[in-house]
Amino acid sequence: MQTLEALLTDHPFFQGLKPEHIQFIAGCGKNARFDAGTYLLREGEAAADFYIIQHGKVALEVLAAQRGRISIETIEAGEVLGWSWLFPPYRWHFSARAVEPVRAIVLDGACLRRKCDVDHDLGYELTQRVAHILMQRLQATRLQLLDVYNVQKQGRA
Amino acid sequence: MREIENVMDPMLPAPYRIQRVLREIADTFTLELEPVNSAALPPFASGQFNMLYVFGIGEIPISISGDPVRRELLVHTTRAVGTVSRAMGDLKAGDVIGVRGPFGSSWPLEQATGKDVVIVAGGIGLAPLRSTMYQITAQRERYEKVVLLYGARTPKDILYRRELEQWRAHLDLDVFVTVDHATKGWRGSVGVVPRLIPRAPFDPSNTIALVCGPEIMMRFTIAELERRGIAAEHIFISMERNMKCAVGFCGHCQFGDHFVCKDGPVFQYSQVRDLLVTWEV
Numbered sequence: 021m022q023t024l025e026a027l028l029t030d031h032p033f034f035q036g037l038k039p040e041h042i043q044f045i046a047g048c049g050k051n052a053r054f055d056a057g058t059y060l061l062r063e064g065e066a067a068a069d070f071y072i073i074q075h076g077k078v079a080l081e082v083l084a085a086q087r088g089r090i091s092i093e094t095i096e097a098g099e100v101l102g103w104s105w106l107f108p109p110y111r112w113h114f115s116a117r118a119v120e121p122v123r124a125i126v127l128d129g130a131c132l133r134r135k136c137d138v139d140h141d142l143g144y145e146l147t148q149r150v151a152h153i154l155m156q157r158l159q160a161t162r163l164q165l166l167d168v169y170n171v172q173k174q175g176r177a
Numbered sequence: 007m008r009e010i011e012n013v014m015d016p017m018l019p020a021p022y023r024i025q026r027v028l029r030e031i032a033d034t035f036t037l038e039l040e041p042v043n044s045a046a047l048p049p050f051a052s053g054q055f056n057m058l059y060v061f062g063i064g065e066i067p068i069s070i071s072g073d074p075v076r077r078e079l080l081v082h083t084t085r086a087v088g089t090v091s092r093a094m095g096d097l098k099a100g101d102v103i104g105v106r107g108p109f110g111s112s113w114p115l116e117q118a119t120g121k122d123v124v125i126v127a128g129g130i131g132l133a134p135l136r137s138t139m140y141q142i143t144a145q146r147e148r149y150e151k152v153v154l155l156y157g158a159r160t161p162k163d164i165l166y167r168r169e170l171e172q173w174r175a176h177l178d179l180d181v182f183v184t185v186d187h188a189t190k191g192w193r194g195s196v197g198v199v200p201r202l203i204p205r206a207p208f209d210p211s212n213t214i215a216l217v218c219g220p221e222i223m224m225r226f227t228i229a230e231l232e233r234r235g236i237a238a239e240h241i242f243i244s245m246e247r248n249m250k251c252a253v254g255f256c257g258h259c260q261f262g263d264h265f266v267c268k269d270g271p272v273f274q275y276s277q278v279r280d281l282l283v284t285w286e287v
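Chains as they are written, first to last, in this note's numbering: chain P, 21 to 177; chain G, 7 to 287.
Quick caveat, the hints were computed from the structure, so don't treat them as lab data.
Note that the Cβ used here is the ideal one computed from N, Cα and C, for glycine as well.
Take the hints with a grain of salt, since some may be wrong.
Which bits of chain G does chain P cover? Going by a derived footprint, with three or more residues having C-beta under 8 Å, they are [said to hold, decoys possible]: (1) 138 to 151; (2) 165 to 171; (3) 200 to 210.
Just so you have them, the derived chain G footprint on chain P, three or more residues with Cβ under 8 Å [to be verified]: (4) 141 to 148; (5) 155 to 165.
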């Protein structure tokens, strides 16, 4: 069985992070399993944790009036889930449901924030990595909004 | 004089009879064609296109989506979105259509030999890449990892679903499908097709990427492929422009220094990188 440190080191999000920082972060973490259909987090609740997805698939969902539960994106193995633990007011903006059995490392957000306050180098590294994820997801969302496969928006012969 | 008689006039459509019309998804259909005069099908390479002429209506360029190895029938898949393609969609088995071609450049499968191949398709962009998948699966031993990443608008817009499922069942192919907008009951991936790239198993230093879909989707895809470390010289895209003559005479499809019909539709990304972000082209 691999240690949390080894699992974190292997995860793409933490690639290249110094071993002492990994060790520091591992102190905030625990292994978790979620059965298919269970919620990892729910919209409006306190954003307490940062999820490092090891295996499986999670759907980000929002509840829309008269449309029900809408899946807007899936987060999969090798990716991370949730950044609201980093920014006040620390509340989730979406819900996340395991589409299939999920294995994850769950990092305590408050613990991570405290460690980032103590070690600003670690804070910079983590913030930069989260910002990169934000940028990627923002770009993807923009492309999603463009609805490029919608034939009504294309002129063809 | 005899020599001249043997040269095919590239502007003269040959009559082909529709053997079968397959309704793929709501607005998309496939035509299987056979020469009226029982002549052999002209050889083609995956990525090339033909000009298909609906008599009395007009002519449009459509990529070949059939098997370049078996070549039993000429196969084209298109969406009914304009005057000509809608008229084409109304045709039935037994009707005759005009065909000129094949024209243009093809996917660089020779160059991909011994390398990982990553195919990224969006929407109907899977049609010209289906030919490539046929060829790759027929000669699987020539390539290292083969990865197909496909994005559709919604689950009901997934083209060639049966074939995607068959390819996914192959132990030596990695097939990932995502939709931009999920509908109830969809348990697959949700998100745009570039989001699949970080998850895909390939070695960026030894990979050829083939990309086809709406131009904006290709730009976002290329950015993600480059972020993974694939060099611009190893990324190939299929461009679409208003092609008329298909042989580089008329200039309708001019794209900077290139004619898409003659120099394309498949381009090495490094050839057209600057043009893709030039608004005036």
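Now the hints, each set against the structure:
no. : hint       : in the structure
1   : 138 to 151 : violated (count 0)
2   : 165 to 171 : violated (count 0)
3   : 200 to 210 : holds (count 4)
4   : 141 to 148 : violated (count 0)
5   : 155 to 165 : holds (count 5)
Consistency with the previously given hints fails for numbers 1, 2, 4, ordered from lowest to highest.
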